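Colleague: Sequence:
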Amino acid sequence: MRLKIVQVGEPVLRQKARPLLQEEIGLPETQQLIEWMRETMRDAPGVGLAAPQIGLGIQLAVIEDRTEYSQGVAAETMAQRERQPVGFHVLINPTGCRSR
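Numbering (my numbering), first residue to last: 163 to 262.
Certain hints may be false.
So the derived label-pair ranges between C-beta atoms look like this [claimed, not checked]: (1) Pro256 x Gly188: 15 to 21 Å; (2) Val174 x Glu230: 27 to 33 Å; (3) Met163 x Tyr231: 20 to 26 Å; (4) Gln246 x Arg200: 16 to 22 Å.
Calculated from the structure, these hints are not laboratory results. No experiment lies behind these values; they were computed from the predicted model shown. Beta carbons: idealized from backbone N, C-alpha and C, even for Gly.
Construct the entire structure; sequences and hints are all you get.
Modeller: Following this line, the structure appears as structure tokens:
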């Protein structure tokens, strides 16, 4: 199922998303949501999708940068952008960013 991506101006995009509770993570509904987010991200196409982008104020995101997304991009350009394929990942309750 492809989910609707909300647009700029939606209140959920300006609010702090709440963490998922431990018991919510394994629920079939959460696992189904992750699969729907994956389908939606790929259909967009995109390399990441956060739950607030689909109208849900929870700390959940999916990322994936598939090889085919970079087809036709020169190797030099890929190196300059430090871009390489990334397998599918689910991010739940991220706590910070690390830079390289």
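Colleague: Take a look at whether the Cβ-Cβ distance between methionine 163 and tyrosine 231 falls inside 20 to 26 Å.
Modeller: 22 Å, holds
Colleague: For the pair valine 174 and glutamate 230, does the Cβ-Cβ distance stay inside 27 to 33 Å?
Modeller: 31 Å, holds
Colleague: Range hint 15 to 21 Å: satisfied by the CB atoms of proline 256 and glycine 188?
Modeller: 18 Å, holds
Colleague: For the pair glutamine 246 and arginine 200, does the Cβ-Cβ distance stay inside 16 to 22 Å?
Modeller: Distance hint for glutamine 246, arginine 200 holds at roughly 20 Å.
In summary, the structure agrees with every hint in the numbered list given earlier.
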